[in-house]
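Reminder that position 170 of the sequence shown reads as 169 in numbering that gives the first Met the number 0, one-by-one numbering, no gaps.
Errors might be hidden in some of the hints.
To be verified - Dumping the calculated SDA-like pairs for lysine to any residue here, alpha-carbon to alpha-carbon at most 20 Å:
hint, residue 1, residue 2
1, Lys56, Phe66
2, Lys59, Ile47
3, Lys78, Trp146
These aren't lab readings, by the way, just hints derived from the structure by calculation.
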Amino acid sequence: MQTKRYIIKMIIIFYFISPVQSQSQNSLLYNNFYFLPLAGLSLDYSIIESDVGFTAKQVKEVDLQVFWYNSWKVSMYVKENVYTSKRHDVHYYPYRISYYMDFAYISYQLKNSQVGITFNHICNNTIDKPQRNIGTELRWYGIGIKWYSNGMQVGYNPLYSYNSSLFSFNNFHYCLYVGYPFLSK
0 MQTKRYIIKM IIIFYFISPV QSQSQNSLLY NNFYFLPLAG LSLDYSIIES
50 DVGFTAKQVK EVDLQVFWYN SWKVSMYVKE NVYTSKRHDV HYYPYRISYY
100 MDFAYISYQL KNSQVGITFN HICNNTIDKP QRNIGTELRW YGIGIKWYSN
150 GMQVGYNPLY SYNSSLFSFN NFHYCLYVGY PFLSK
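Make a model of the complete structure from these sequences and hints.
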């Protein structure tokens, strides 16, 4: 538990001392090198009632840019979903966990989006199950090409147009991913 609190504190500190947030959009793209310029953190908890018996969903996201040089970026992203169900006399018992991780996303910044190569991992696992059933679980390690809008990042993004209209095309969040697994179960 101490490690998790330390990581969350570090991410928040990186965001507040970030040199990127004080730069203008045009100056970000040229002749600058940043180490750990931006980090985003999102925590979400939802109480749900579903037909399959889930009672809640916990979502944790971390988006960390490691390097930023001119229009090139290297970033990491982790999203964890935990689904709970009523089990063992506990209403919110952890039942299923799913991850999406970009171990490394090497991208080139365009005006309103970015495109790059990602090395990623996707998994869906049942936590409390007496016998593993690979048919209902997924493990993917792959490489792919990903393109997404500036609005897809978690947290503050200096390239996102905060002053434009809500219905502006630049404010839509969209992503396209094409990948190939080099290890999958």
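Going through the hints against the structure:
1. Distance check on the hinted pair: Lys56 and Phe66 sit about 32 Å apart at the alpha-carbon level, beyond 20 Å; violated.
2. Proposed proximity of Lys59 and Ile47 is supported: the alpha carbons are some 17 Å apart, at most 20 Å.
3. A C-alpha spacing of about 18 Å is found between Lys78 and Trp146, which places the hinted pair at or below 20 Å, so the restraint holds.
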